[in-house]
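Kindly generate the complete structure, drawing on both the sequences and the hints.
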Amino acid sequence: MSLLSFLAYCVIATFTPGPTNIAILSIAHRVRIKESFQYMYGATIAFGMLLAASALFNQAMVAVVPNIIDVMQVIGCLYMLYLAYQVFTMKLSEDTAAQVATFKSGYIMQFVNPKTWLFTMTVIPSYVMPYYNSPGALTLFVLGITIIAFLAFTTWAMFGLVFKQFFQRHQKAVNIVLAFLLVYSAIEVSGLLK
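So our numbering is basically just the index in the sequence shown, starting at one, shifted up by 777.
Some hints could be false.
[As the list claims (entries may be wrong)] Straight-line distance between alpha carbons at most 30 Å, and here's what the computed DSSO-like set of lysine-lysine pairs gives: (1) 949 - 811; (2) 941 - 881; (3) 881 - 811; (4) 811 - 941; (5) 881 - 949.
[Said to hold, decoys possible] Simulated restraints on C-beta separations: (6) 916 - 938: 31 to 41 Å; (7) 834 - 935: 29 to 39 Å; (8) 932 - 826: 17 to 27 Å.
To be clear, the hints were calculated from the coordinates, so they are not data collected in a lab. Note that the Cβ used here is the ideal one computed from N, Cα and C, for glycine as well.
Here it is in structure tokens:
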């Protein structure tokens, strides 16, 4: 197992812009850090659950994956476009962001995020299972990857907090850029750019 390749894949997949990271950035610059962390905790728990499911049910999922991926891509793309619209039309009020910044919304986001599904379904079978099959080793890898994802979420939240005043001064421009990134994510996941 190439540890460098494995870590590079984990870092790139979790730190690059995606629906969850963009939502965290948007939430962090509108509400207090406490609310941002509620959302991140939900996203992290769901992320870890998806990784664990991939590790536990890899053989069964291989037979079902094409159907899951197709359905999740459609649902995920539609959800990302909906989020893009919400971000684009979001007012200066912090009330809307505070309503979205919940454990439940962060948790649900991971289950409709095709980037998360694709990553969690590929990282364990591709990088870990060919070399480590014991339950203890798989558990350690699931925990390690989940920690990397949480660090990515925290980085995006801190970025939102550090640039909070800038984002508030340029609210409409920030909303347009974030909405564009969500639309781009939806297009990329749908495969239209290939």
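Against the structure, the hints:
| no. | hint | in the structure |
| --- | --- | --- |
| 1 | 949 - 811 | holds (24 Å) |
| 2 | 941 - 881 | holds (24 Å) |
| 3 | 881 - 811 | holds (14 Å) |
| 4 | 811 - 941 | holds (15 Å) |
| 5 | 881 - 949 | holds (27 Å) |
| 6 | 916 - 938: 31 to 41 Å | holds (33 Å) |
| 7 | 834 - 935: 29 to 39 Å | holds (34 Å) |
| 8 | 932 - 826: 17 to 27 Å | holds (22 Å) |
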